Structures are given as C-alpha cells and as structure tokens.
Amino acid sequence: MPQRFWSYLNRLYLRGLVALQIFAAQEPVRLRAALTSAVIALTVVFPAIDAGTAETIGAVGVVALPLLVGESARRKVTPTE
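Under the working numbering, residues 364 to 444 are what the sequence shown spells out, in order.
These aren't lab readings, by the way, just hints derived from the structure by calculation. Certain hints may be false.
Claimed, not checked - Cβ pair distances, simulated, as ranges:
{"no.": "1", "residue 1": "V426", "residue 2": "L383", "range": "16 to 22 Å"}
{"no.": "2", "residue 1": "Y371", "residue 2": "A396", "range": "39 to 45 Å"}
{"no.": "3", "residue 1": "A427", "residue 2": "G379", "range": "31 to 37 Å"}
{"no.": "4", "residue 1": "A427", "residue 2": "R378", "range": "29 to 35 Å"}
{"no.": "5", "residue 1": "F386", "residue 2": "T419", "range": "23 to 29 Å"}
{"no.": "6", "residue 1": "F386", "residue 2": "V407", "range": "34 to 40 Å"}
{"no.": "7", "residue 1": "L405", "residue 2": "A382", "range": "21 to 27 Å"}
{"no.": "8", "residue 1": "I403", "residue 2": "Y376", "range": "34 to 40 Å"}
{"no.": "9", "residue 1": "W369", "residue 2": "A404", "range": "27 to 33 Å"}
{"no.": "10", "residue 1": "V423", "residue 2": "R393", "range": "16 to 22 Å"}
{"no.": "11", "residue 1": "R393", "residue 2": "F368", "range": "31 to 37 Å"}
Bear in mind the structure is a predicted one, so any value in this text is a computation, not a measurement. Each residue gets a CB set at the ideal place from its N, CA and C atoms; glycine is no exception.
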C-alpha cells in the first residue's frame, strides 16, 4: 500500500510539472503575471518580506522565465516588426 501511494504522488507530481511546462510555453505572459501576483501576495501574508525584496524576486522571475521557457515563447510575445 505505501509503495502504491508514493507511486501515485510521483505520477501526480510529474503530471503537474508537465502541465506547468506546457502552460509556461503557451502562456508566458500569464505565467509571469501569476508569479508576480504570488510574490506580491506573499508580501501581504508575510510582512517581513519588504517591497524591495518582492520587487527583486519579481524582476528575477520576469528575466529568468523567458530563459527557462525558451525562444519559442519569446517569439509569441515579441512583435515581429
């Protein structure tokens, strides 16, 4: 029984990871907005995180996401003209 439970959790984790990768590739702008909102929400929940730290985390996310997702996602949000 425990092996089956851990196997189920592993499959659930892998499916979630694949779904997140697909979402990041198809909707990079929405993902960046969601990540930024999550960081801002953390500053409300944990007041020890000041605005400067939240801004830094958001900026790193905005820069790192296109690098992680790849060139194809950048082409979707960058004008071709």
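**OP:** Note whether the CB distance of A427 and G379 lies within 31 to 37 Å or breaks it.
**Re:** Violated, since A427 and G379 (Cβ atoms, about 20 Å apart) do not stay within the stated range.
Original post:
So the hint says 29 to 35 Å: do the beta-carbon atoms of A427 and R378 match that?
Top reply: For A427 and R378 the Cβ distance comes to about 24 Å; the hint is violated.
**OP:** Could you check the hint for me, namely that W369 and A404 are 27 to 33 Å apart, CB to CB?
**Re:** Hint holds: Cβ distance 31 Å, inside 27 to 33 Å.
Original post:
Does the Cβ distance between V426 and L383 fall inside 16 to 22 Å?
Top reply: 19 Å, holds
**OP:** Could you see if the CB distance from L405 to A382 stays within 21 to 27 Å?
**Re:** Cβ of L405 to Cβ of A382: about 22 Å, so the range 21 to 27 Å holds.
**OP:** Evaluate the given range 16 to 22 Å for the C-beta pair formed by V423 and R393.
**Re:** Because 18 Å falls inside the window, the suggested range holds.
Original post:
At the C-beta level, are R393 and F368 separated by a distance inside 31 to 37 Å?
Top reply: 33 Å, holds
**OP:** Starting from the range 34 to 40 Å, see whether the pair F386 and V407 falls in it by beta-carbon distance.
**Re:** 24 Å, violated
**OP:** Can you let me know if the beta-carbon spacing of F386 and T419 is within 23 to 29 Å?
**Re:** 24 Å, holds
Subject >> A396 and Y371 - C-beta distance against the hinted 39 to 45 Å >> reply: 32 Å, violated
Subject >> Verdict for I403, Y376 (Cβ pair) under range 34 to 40 Å >> reply: Since I403 and Y376 have Cβ atoms about 26 Å apart, the given range 34 to 40 Å is violated.
In summary, the structure is inconsistent with hints 2, 3, 4, 6 and 8 from the numbered list given earlier, while agreeing with the others.
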